[in-house]
Amino acid sequence: MSTFLGASIGRKLIVAVSGLFLILFLAVHLVVNLTLLAGQETYNMVAHWMGTNPAVSVIQPVLTVGLLVHIGYSAYVSLSNWRARPQPYYWSDPAGGSTWASRNMLLLGGLILAFLVLHISSFSIRVKLGDAPMADIGGVMTKDLYAMVTARFELGWYVLTYVVAMFFLGLHLAHGFHSGIQTLGLSDGTWRNRWVLLGTGYSIVIAAGYMLLPIYFFLRTHSG
Amino acid sequence: MKIKLKIWRQESPDSKGGLVDYELDGVSKEMSFLEMLDYLNTTLIERGEEPVAFEHDCREGICGCCSLFINGRPHGVGAEITTCELRMTAFENGNTIVIEPWRAKAFPVIRDLIVDRSAFEKIMQAGGFISANAGAAPEANSIPIPKELADEAFDAAACLGCGACVAACPNASAMLFVSAKISQLALLPQGEVETKRRARDMIAKMDELGFGACSNIGACEAECPKGIEISHIARLNRAFVASAF
Amino acid sequence: MSILDAKIPSGPLADKWASHKNSVRLVNPANRSRLDIILVGTGLAGAAAASSLGEMGYNVKAFCFQDSPRRAHSVAAQGGINAAKNYRNDGDSVFRLFHDVIKGGDYRAREANVHRAAEVSNQTIDQLVASGVPFARDYSGYLDNRSFGGVQVSRTFYAKGQTGQQCLLGAYSGLIRQVAAGKVTMYPRRDMLEVVVIDGKARGIITRNLVTGEVERHSGHAVVLATGGYGTIYYLSTLAVGSNGSAAWAAHRKGAVFGNPSFVQIHPTSMPQLNDYQAKLTLMSESLRNDGRIWVPKEKEDKRHPNSIPEDERDYYLERRYPAFGNLVPRDVASRAAKERCDAGYGVGDTGLSVYLDFGGAIEKQGKKAIENKYGNLFEMYRKITGINPYEEPMRIYPAGHYTMGGLWVDYNLMTTVPGLFAIGESNFSDHGANRLGAGSLMQCAGDGYFILPVTIGDYLADDIRTSRIPVDGPEFAAAEQEARDRLGRLMAVDGKQTVTSFHKRLGKIMWDHCGMARSEAGLQEARSLIADLKEEFWSEVKVPGRQDRVNQELEKAWRVVDFFELAQLMCRDALDRKESCGAHFREESQTPEGEAQRIDDEYSYVAAWEHKGAGSDHVLHKEQLEFENVEIKERSYK
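Protein chains in written order, with the working numbering: chain A, 1 to 224; chain B, 225 to 469; chain C, 470 to 1108.
Hints are computed from structural coordinates only; laboratory data are not their basis.
Remember, it's a predicted structure, so these values are computed and weren't measured experimentally.
There may be inaccurate statements among the hints.
Pairs of lysine to aspartate or glutamate, DMTMM-like flavour, derived with a Cα cap of 25 Å [to be verified]:
(1) C:K978 / B:E247
(2) C:K966 / B:E304
(3) B:K346 / C:E685
(4) C:K1012 / C:E950
(5) C:K723 / C:D668
(6) C:K978 / C:D1002
(7) B:K253 / B:E304
(8) B:K228 / C:D745
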């Protein structure tokens, strides 16, 4: 096992597996987010259910570990990649062969991470620390997350940051999805284009899905 | 036509190099790129200067010696060509052409545009072979190989070992080179037997020599003079996973 | 009379190799690890030998001038490798392959060696397939064959147009496996400068490290040269720019007799020269002649576009002159026929020095797809270089210097006249007589390396099992090193004005004009005096810039050109001496009324083996009479 994880491909497999895991999580998260559109009561109920479900409390640390592993190993792999070319080219023209995103995954990851910090500090931590308004759901007083979220989405700077970050996320996924599959060895000559297509589609759906909510709530507030 | 050249000059492995400017008049579109350099060298020698050292041999795109990074790309503009197949028709009067050596920690510069690619040899020695002693081979037709597999193995086997993949890769990764050999041999029943060991050992050697890791960027494939595809890297990844179990 | 003893085993032809293998002395495995073998050149022959010898347990020190054995010019063999497998059930056999090679060589090769080469050819295919060489297969999964110039059976195995590359990579993988096993030590980026002879035996070499410039001594119990041919003597040839004759010439200077130096194959289907700066000519595989038809216009100096010249105004001169073989006549015949048409004023292109190779009919008949499958990469190569799309208009081709049948004289054991000094592959003279058939070179190289040398060298080394490692500090090593250093120093010291390449080009022109496709008494005499003058000019006018202790590619070239001057003299001398025409050697004085080569078997049925008598002295000719007991000598007719 040590030769496995010690090898460059082993490390990349860790990045790939953790990345694909996070990609799945993004879909789940998006579905939950989309319940915002169903109104205050539904969203708060789902959020309450999420907050009290034992399965979620198991998954949460797993997710955190997955994220940290993904970040840690990506950084490690990138660092050793930089060391592989100590003397840069005077002129490098990558026009022919590769996408911008594929060459800048670490940068994209960093930007997404920065957003994540903002995101967590503005929602999750406040929720955890109890600093949230309360609402009545079916006679039970629970945290009014709906109000909290929608209030956030009324702030122009926040919405803009959110949308831009989701754009970066989309780019990150557009390469990350099929790259992860390729690293796992699940691609070949025939499947390769299908994975790329699927990955691109998936990243568009995810990015657009996430963008939809802040834009929707922002426009709803400011148009009328 | 008249062209401007910016060429990496470096006296010896441990000396500091730099780009040197040259102007070259009388270049013909009929020249190959290397013939243009021959011509430059002739003028340099006649002026009493030292010629630019660069590697070349067969000059027909099959030996893998030539290895110039031209205007930001290994082997210059054009799909699936080696430097020696590049023609001066690709340039216009007055163009500036920047020529650098392959850049990678694992490919140190020996002189000017010549780099040391012996790291590839070491990777090959780690397992890029089938252990078939002379005299031990069975009758050649005793093992039929489906044509599709043989053709795919051939596509991988076409690798020249020129190192353009490493030069093109932002990570200076040698994965395309390694995967071509592993893929070729894994596709053939004769070589399939040793696939696990081969994958494990060649990758370990590749890592040890200071090549970067593959992040599936695809620049290698775009610059490979033989059009070797990164689907071979996927096969290598599979072989590597299999080698762990 | 002679220093030549071919050591051909007695007995019937077909049994010679088997009985020889049964009677040669063996070296037991424990002793092999005490024996060092120096191997210079790691192309197909050298790499195959290194892997075989390493597997047997010998210590091999292998040298090449490239950075890796994989780059040797065996890679450029395009069309294929012959073997007598008879997979096509078309009547092929070892004897027929043998017979074709003897006939193709115009009865100037040694029967026993050729038969052995044919015998081991099948084993070679087995070995290469086992090494992972992806030969072409058909849909059954079995190996495919195609026919190739000069024969009437399909016995050629191929891997698209990259057969040589794939065969070399197969042998190379065997070599690196032995490097990993510690049995072969690779010394890349080395030029061999001298052979060291101690007590009459080859015991080592002097090399120059092409990176550091260091002059190094290496010793071994035997020395094997697998250094290829010297076709670059023409400057423009189909060979790699770095291919050279210096190792063979160094051996020759130390007593190895040189066989048939003037036998050089001019390949009929090369791309014509495009400009004066050109450094080499690119070969278009002979396999193209399977489907391509060669023609010139019937009108002299017809400047019309080839596509607008109607069918009945085209002269398919090979089909006209040689109806039985048509476009598939052997290389020497095809080359001379092209020269004849061009000299007569029918040549095409700006220079009038090319003929058309036309696929129009084949594409019409078989479809573009089929032609692309067979020759796709060759067409692509042609298009890249010339900008002309051969799917739409005919290629232009012209003959170019290609393969040297001549080389170091060796006996049946592949040993030269210096004991312990062996020569394999193209570097020896042995198998192809006066003309080599297509796909015969890979066959010989792999056979020599994998299966023949490993047997015969044991017979020599059996005497040496008690000889400990050869020390490199003896007087012979010192003297050889000094010779090399002196010559390097002299080259650096000339400090003239002209580049090495300019001399090489001029030498090439002299040789091409006078000792190329057609030779005459007067021309050869003239060439000899021109070469002598050029050599003198070289030693006062050449400029070798840079330093000796660095990478110095000009110095490398200069060393090679110096040897080429002498080799060129010997080639002309040999061509003068052989007043007959045979194979690739065409003496204008000796032709049939129809202009075909006229052999004179009574007088010239021998191998001309030239002995070096020291600088300034004339070479001495030794003759190895050729006996033909198994084939009937005929006029070689492809009509």
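Status of each hint after checking the structure:
Between C:K978 and B:E247 the alpha-carbon distance is near 30 Å, which puts this suggested pair outside the 25 Å criterion. Note on C:K966 and B:E304: the hinted pairing is violated, with a Cα-Cα distance of about 39 Å set against a maximum of 25 Å. A hinted pair counts as satisfied when its Cα atoms are at most 25 Å apart, and B:K346 with C:E685 qualifies at roughly 23 Å. With a C-alpha separation of about 23 Å, the suggested pairing of C:K1012 with C:E950 holds against the 25 Å cut-off.
This hinted pair checks out: C:K723 and C:D668 have alpha carbons roughly 12 Å apart, not beyond 25 Å. At most 25 Å may separate the alpha-carbon atoms for a hinted pair to count; C:K978 and C:D1002 meet this at roughly 14 Å. Taking the CA atoms of B:K253 and B:E304, the gap is near 20 Å; set against the 25 Å cutoff, the hint holds. Only pairs whose Cα atoms come within 25 Å are accepted, and B:K228 paired with C:D745 is accepted, the gap being roughly 22 Å.
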